[in-house]
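Participant: This is what each chain is made of:
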Amino acid sequence: MGLELYLDLLSQPCRAVYIFAKKNGIPFELRPVELLKGMMFPVFLGEQVPPETLASTLAELDRCLQLLEDKFLKDQDFVAGPHISVADLVAITELMHPVSAGCQVFKSRPKLAAWRQRVEAEVGKDLFQEAHAAVMKVKDLPPADPAIKEKLKPSVQGLLQ
Amino acid sequence: MGLELYLDLLSQPCRAVYIFAKKNGIPFELRPVELLKGQHHSDAFAQVNPLKKVPALKDGDFTLAESVAILLYLSRKYEVPDHWYPQDLQARARVDEYLAWQHTALRSSCTRAMWQKMMFPVFLGEQVPPETLASTLAELDRCLQLLEDKFLKDQDFVAGPHISVADLVAITELMHPVSAGCQVFKSRPKLAAWRQRVEAEVGKDLFQEAHAAVMKVKDLPPADPAIKEKLKPSVQGLLQ
Chain A
1 MGLELYLDLL SQPCRAVYIF AKKNGIPFEL RPVELLKGMM FPVFLGEQVP PETLASTLAE
61 LDRCLQLLED KFLKDQDFVA GPHISVADLV AITELMHPVS AGCQVFKSRP KLAAWRQRVE
121 AEVGKDLFQE AHAAVMKVKD LPPADPAIKE KLKPSVQGLL Q
Chain B
1 MGLELYLDLL SQPCRAVYIF AKKNGIPFEL RPVELLKGQH HSDAFAQVNP LKKVPALKDG
61 DFTLAESVAI LLYLSRKYEV PDHWYPQDLQ ARARVDEYLA WQHTALRSSC TRAMWQKMMF
121 PVFLGEQVPP ETLASTLAEL DRCLQLLEDK FLKDQDFVAG PHISVADLVA ITELMHPVSA
181 GCQVFKSRPK LAAWRQRVEA EVGKDLFQEA HAAVMKVKDL PPADPAIKEK LKPSVQGLLQ
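Those protein sequence lines, which keep their order, are chains A and B. Residues 1 to 161, numbered by full-length UniProt numbering, are exactly what the first sequence covers, in order. Residues 1 to 240, numbered by full-length UniProt numbering, are exactly what the second sequence covers, in order.
Take the hints with a grain of salt, since some may be wrong.
No farther apart than 30 Å at their CA atoms in a straight line, the calculated lysine-lysine pairs in the DSS-like style are these [said to hold, decoys possible]: (1) B:Lys53 - A:Lys74; (2) A:Lys151 - A:Lys125; (3) B:Lys230 - A:Lys71; (4) B:Lys58 - A:Lys74; (5) A:Lys22 - B:Lys150; (6) B:Lys53 - A:Lys71; (7) B:Lys153 - A:Lys151; (8) B:Lys52 - A:Lys111; (9) A:Lys71 - B:Lys77.
Which residues of chain A face chain B? A partial, calculated answer using Cβ under 8 Å [as the list claims (entries may be wrong)]: (10) Leu67; (11) Asp70; (12) Lys71; (13) Gln161.
Hints are computed from structural coordinates only; laboratory data are not their basis. Fair warning: this is a prediction, and the values are worked out from it, not measured in the lab. A virtual CB, placed ideally from N, CA and C, is assigned to each residue, including glycine.
Only chain A is shown next, with the shape it has when bound in the complex (with noise of 0.2 Å):
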């Protein structure tokens, strides 16, 4: 038996680990992994979650995307330098879970905007969209069936902060 990868492409590290072997051309056995886990707690789940929860958590958000710009992407075309490397694809396919779910990411941030632009283009298209096609459909999910929420709910509590 040669390479598997176990992945969900629900998962943000395993797009970046499915973009990074196609891209390259790694032969693999792609081995799915369904987490059913929900993006939004409300949609998926039917769980309301307190403004100020939502709110204190997308202030992080922004606070963790302050850092990327001026600590890391700085002037650089990449995150760590001149070059695409395995950081950018972590750190797009973090982002692209937020955008997954409504949250404007790229909107109010040129820098970033043109960062991803480049990421794209240099991973091509086609691939950075079928990486992204389920968890772009997430938000079309029916709610969660009672047993699917019994299941997941323990799991997913520690997000809820």
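With chain A's structure known, arrange chain B on it following the hints.
Facilitator: For chain B alone, coordinates are given in the frame of chain A:
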């Protein structure tokens, strides 16, 4: 100016970097940054690390943040013995795997356990709800189990038969709740035996020197109000 390491040995990742540099005879200037005095928020330190965290490294004009990046930079630059970060593809992958996992798992729970059990009540004079502490200790326990079952297994060290940077990162984390009185090794003979091996490899003197400051934290007097005000915002997240 040669290599400078900006450290506060109260911090777990600083201890890992300190032990690694000392054990390997890497020459450096120690630049102390006192976290409990808020020195990591100074403008001067921000020049070294805009993320305002320790450890940080300055090598001539080159600055570097993040303990894992620092450990790997030092291991490559100073060509330390292979076992610290092995060349072999899969042996190295095991070390990488541990280093990646531990950030959001063991590190997170060790930091919160130490702060909730000791720093908040003793140093900051803030009561932590018993259920919060209980939940944190349960999470710590879960991580310790994973450390034993998934990483250590029947090996002598976390990533294989030889000590590596993964062991330094792990042991310095575990000493954090130990400094707060958590009996991490008491009911876990496998981890206790591993700890003995790591201390022996590192050298008892160096190990104790690196941990002297954190082991004395429980005897610190309560923080004065000015310090409390300064520190509280940045540590509030540890109350969960």
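Participant: All hints, please: hold or fail.
Facilitator: Status of each hint after checking the structure:
1. B:Lys53 - A:Lys74: Holds, at about 19 Å.
2. A:Lys151 - A:Lys125: violated (35 Å)
3. B:Lys230 - A:Lys71: At roughly 23 Å apart (the allowed maximum being 30 Å), Lys71 of chain A and Lys230 of chain B satisfy the hint.
4. B:Lys58 - A:Lys74: holds (19 Å)
5. A:Lys22 - B:Lys150: holds (29 Å)
6. B:Lys53 - A:Lys71: holds (13 Å)
7. B:Lys153 - A:Lys151: OK: Lys153 of chain B and Lys151 of chain A at ~28 Å, within 30 Å.
8. B:Lys52 - A:Lys111: holds (23 Å)
9. A:Lys71 - B:Lys77: Status holds; Cα separation ~23 Å.
10. Leu67: holds (6 Å)
11. Asp70: This hint holds: Asp70 of chain A lies near chain B, its Cβ roughly 6 Å from the closest one there, short of 8 Å.
12. Lys71: Result: holds, 5 Å to nearest chain B Cβ.
13. Gln161: holds (5 Å)
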